[in-house]
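Novice: Put the two chains together into one complex; each comes in its own frame, and the hints tell you how they fit.
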Amino acid sequence: MLTPRRFVFRGIVIMACATALCAPESPAQAPPAPPQPKPAGGDGRGNRPPDYPVRPPAAPEQLAHGQQLFGGNCSFCHGSDARGGEVGPNLVRAQVVLDDQHGELITPIVQDGIPARGMPKFALSAADIADIAAWLHNQPLSDRGTPSRLDILVGNATEGEAYFSGAGHCTQCHSVTGDLAGIGGRYEPKAIQNLIVSGGGARFGRRSAGSEQSSKPPTPTVTVTLPSGQIVRGELDHISAFIVALRDSDGTYRSFARHGSIPKVVVTNPLQWHVDMLPKWHDADIHNLTAYLVTVK
Amino acid sequence: MMKTATLLLLIPFCLPNGPLVGQGLDPALLTKPATDAWPTYAGDYTQRRYSTLRQIDRTNVRHLTLAWVRRLTAGPGGGEGGFFGPPAGPPAITGGVAEEPVTMPGATSGSPRLSGSILQVNGILYVSSPDNAWAMDALDGHVLWHYWWKSRGGIHIGNRGMAMYGDWLYFEAPDDYLVSLDAKTGQERWHKEIADFSQQYFSTTAPVVVGDHVLVGTGDDLDAPGFLQSFDPKSGDLQWKFYTVPMNQGDPGLETWASLDAARHGGAQVWMPGSYDPETHLYIFGTGNPTPAYTALLRAPRDVHTNLYTCSVVALNVDTGKMAWYYQTSPNDTHDWDSTQPAVLVDGMFAGKPRKMVLQASRNGYFYVLDRTNGKHLLTAKYSDAANWAEDINATGQLVRNPEKDNTVAGSLVSPDNGGATNWMPPSYDPQTGLFYVVLRELYAMYYLTNKDPRMLVGLGGSEQDVVGSLGSYIAAIDYQTGKLAWRYRSEGGFGGTGLLTTAGGLLFGNDGAGSLVAFGLQGKQPPVPLWHAQIGSIDNAPETYTVGGRQYVLVAGNGAVWAFSLQ
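If you read the sequences in order, they're chains B and W. Sequential numbering from 1 applies to the first sequence in our numbering. Sequential numbering from 1 applies to the second sequence in our numbering.
The shape of chain W in the complex, shown without the other chains (with noise of 0.2 Å):
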């Protein structure tokens, strides 16, 4: 109470140009590209990931540099974290239902791993990892309050960042609770379990805000059913639940499963945050892989099996929960490639006609455009050319796999390897280039399958996958009328993929995979300059921009820091 007191005091002299503290999040924003805000996981719900700010550009961006770095510390006690150990503490919030909270390096203590977006609303930045949330002063990164979640454990992969509602913060944690907090002051106003932790669920995704709707995605890698859930951002009530496998006899895609039990453990895993379209009401997101991964023998013995709604995009109307139209990338997949990559809404000429459509890079090196007003196939083509699993396209663009290219007794030399051509990193849509940029790994593995015994497969089981070689790692520059890369700028120095930003000023801005956040001028179609550079030993997340007090930051978080870079 007593250092609740004290922040509130000091809050007017930390933000002498910057807004008052809390004075909430004007849903408005939402819908708007992204410019004086980050107020959402992407930026705006079309996932583009492009900004309209143009302070920094082309011609400047080589003056760009840092204006304040902050590190930070997990767990209790944490919160600031400097080279000398934490400073004299903001306000320590501390929520979480176990009574013996597991010990997770990273999570109750040391350098938190930033992998997620951080949003910034009114000269405020919300940060999230597993298990903590900040808030910090978007001036100079002072940190205004630190909660941290007690654990009762989980896979504590990451945590994709939070949403905001007003003054109201969400986040997952890991044990499969969604938390809403106070923006103003960091206190837990209400949790809810979203998912079965017995089940082995765990939770990372970004929360997205729609209207009156948190929507919430959660994970499991043993064969249990895949849900999309709406609460209200009020109560935490949950609104609606939709499953992404069939539940039920009756239930549409029954048919496309050996068995209601198959179907009931199929997975198709919403561990990815969606897009939104404000015209349609549509919540647009992937979905996961079928379970047991890696083997079909006992979920889809047969062609007319291909696992509904497993490897798909799906679109639901928000308000009801209900599903629109499907279009499922993968049919039966059976090398954990899930489809949950962003799926990004782009309204632009198609094959001579304007069209509203939707992007996406696979993780199976696929991509994909459909007509986001009812998921009508538009294209696919394949954007890694290492990718040898498939042997046909049907004639609704999805991938016919080659069973020789599944996990086999004596191993099957597979590209894309286990993380995917891409996998959570953002892309990103410069609508002044036409061109669509992904992260690109073009990794091989040879595939085995450890067990003869299907009935044996459970989960992630049964499958050894040894990496075996790499092409190398790429920024890919996809034309999405053509499906054909422009071009695709090679990570010399190793594996850069923590995602990706374009804005107005011609820049798309990136990690190097040897450390660095650089700055690449675009012009056209042509292939990318590097312009600029900071070495900031490694980088965890998607670099993000906006404006505070006139200013245009970029930021980034890495090492356990959060970065923040300005002109000067």
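Same shape as in the complex, but just chain B (with noise of 0.2 Å):
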């Protein structure tokens, strides 16, 4: 819980929820990322404390000896990073790892092996066995919301371009020397090919920081026409069954109430062909689309 009334995802998951008629806040039990690496200007969790302890650190030389004793005797079976090998179990996970503090669950079954499931014992001392456990405690857990930093990029960039200006209709409404130009230097590729699906809305993460063209989303406007038959138009502020707020061209705050269908009110959403694509891509056309517009520098 990290903002205890609104789910926010943090960096990692864009609100790119296409329009502001469906803000997404995410229910899940499943609560957003651990401690990240701090993006710029915050540690990104305000003042809360870690949600479980952290282990004080241990010292250098400590967590030396303690990785070169495993290399000698465990990394055999448990591979040179713990995480498991051909027989033995990750054991950065391994339950009595967790529980373990300075190596006093560790250090019996290490001296006394468990023949039921084919570890032997090994003749290391408890001082040894400590060592060890404090470098498997060094080691990560989990790297639960760090973003990728793999190369998404698997596309053709002649069949993207193809569908750009063909099946894919995009240059009815975008053009790579118009309003895309040079995205392909704006924004690192994972973010281009968020944006090809949401239209914008989200807060990537930016190539260079030169550029200042802002990916907010376009905002959808109302016509809301009254029983008069006077006509009011804006941009959409907020809306549900029994309001409809919007702010006018002099950015004059205008709100009516909503009985059924009156006023009449349609909302236009500038992102409605995002919208309406979601259910209709196939991956393969967003990977080619986002290899072509790398391209475009």
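There may be inaccurate statements among the hints.
In silico DSSO-like links for lysine-lysine, alpha-carbon gap of 30 Å or less [unchecked claim]: (1) W:K452 with B:K280; (2) W:K322 with W:K241; (3) W:K525 with B:K264; (4) W:K32 with W:K241; (5) W:K192 with W:K241; (6) W:K356 with W:K32; (7) W:K234 with W:K192; (8) B:K280 with W:K484; (9) W:K356 with W:K525; (10) W:K356 with W:K484; (11) W:K382 with B:K280; (12) B:K280 with W:K405; (13) W:K353 with W:K382; (14) W:K322 with W:K192; (15) W:K484 with W:K452.
To be clear, the hints were calculated from the coordinates, so they are not data collected in a lab.
Specialist: Below you can see the structure in the form of structure tokens.
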């Protein structure tokens, strides 16, 4: 629970819900990410402490000694990174390792072995095992919430270009010499790919800090036709079954009670094409478009 | 002590028309449809969230008005809050094992998030939020006591409410304790550790009392095994513990895992309350996703590896904790889509025959009907048009994943998003219309695999999910006999998912996603008509209804306050 009321995914998940009509909140039992690498301007968690106690860091020489001992005695079965090998399980997430503090739970297992599961006993001292435990406890548990840093480009740029100007009908609204000029230099590939689907509204990481182009989504507009016949238009502020509120062309805020179909309310979402495309996309077309747009420098 | 004495003196004056405080819960109430009381998580054991009350109905609901509102404050010195700070307080009771409690806004200070059910027994409300519990007068919201648990930490995502047995209350603290309070005074009777904190379990669900059992689930996001436990209501002693994944050689279901080690780290957390069928003595509940959540490579490399009993509806004999049957909705899930959603017990016709059924709208976008006497599958239907992750339904009604819609390095456009087509928010079944109502969200996300080495994926690691669009949020009305949607009502104001309530007055209550509690009129299978609403800013839980002093109330929590509505 990062925010008590509205559940906000920080950073990694984009509030790119296409329009102001559908600001999502995630009600998942699964909460958002645990501590992240610090973004600029704060740790992203406010003043909130970590959810679970953080183990105090061990001395570097203890970690080095523990790693050396692990490599010589344990890695053959459990993998050099302790995340499991051909026969030995992943130790980083093992319940006994999580429960262990300073080797007190690991020591008897190492010294006695687990014959039933094929683990031999090791003639290591409690002090040595404490060093191994310190190294195990120093391994990161979960990278939950960490953005992908992998190369996501798998598409075919030529096919992407053909889709852009052909089957995708992208050119009806967009141009690589107009609104999308230089987009390949302005955003990282993953951000471009997300923008292709969402149409905007996301807070994406920028490849270059020099670009000032906003990715704020265009605001939906609303036309209200009053019983008198008067028509009021403006940018949608908020809407429900009972009220519609807007800002008209000179910035004046106006709101109207709704009673069923009165007044008549028509909302126009400039990103409607992107919304309508959501059920239609083929991932390959998205990947190809991304491969193409990253070449638009 | 002084404060307690004062409280006891005041009580008779607080409740001129009400019954005595702490008269206790008559267990017989629990097996009846919800009317005068709201004595358990869903009002009654069926989880229908359907009330037979009809004082408020379609014809008069427009006269529904605010009876009272009471703001609450969490943490030490909290209790009853107000615009000018807490008034001279109710008795404040502190518990907890932490010497230095971890500071958590909403739990140690400020406005609590009241997303759980509120019990109403004998005119007293019992309210909870992470690390906090209150008793309030149901007639005016007066706070009788406030209990605060000093936390050692844990994920404080929510608290689904309390359970009651006689004069005793039970709730779970996020740092993995079951706490029992004296309902009259708020004094702690005992606390028991229910899960291993160092394995990063966290406890949010509402316990459920069935007979002489307090049924307690918990949660975890770090490859720990799931379980349901039964405790003695009096002593707090453990009666039985049912693991939802195989834990030992020879355990049933082990053949559905790549290894015993994978099974023992396989998740299937029980983080929502279950239903209870008194006829069969079965406690029926849903289980969570397998872990690691976002790759099947090491836990389910082959088709036979369905990872039992993850993403399943499970029925246990409540006295023994032994499994009677299970049905797995999503074999080998890879999207963190739990099947913990309420298992709603319905008696009715199916395919021309009377059936005792259990209905579940799962997080994965599909709706299931089972025979609750034996777990036999009766129907699978897609209730979210947007759901695009399955390529087939097998002979037993289970979904077959399309591997291209798993997390991929290049990114896959998938609906539902992580939150699911629905989630914790309670659905409602209305026997008058024969429809099952559920909050439906049709969001899309790009799912990126962030690490190619499956060994590095632990818990909910290894995935980046970027929400890239929405087709909207709805209340969907499902005809359980066909699986078809009778209608769906769009929440124009956004996501309105905190749960639903139906009543014999022909009403459906819900949250419109724009801060209003709405009463819809229902006529058969016709689309709902909004008849009444109250804008309260934000709504955090599912509405409830009951009668106190001959008057029917509708209760909801939001904006750190409890709101009661009645006819004037």
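Novice: Mind listing which of the numbered hints don't hold for this structure, in increasing order?
Specialist: 15
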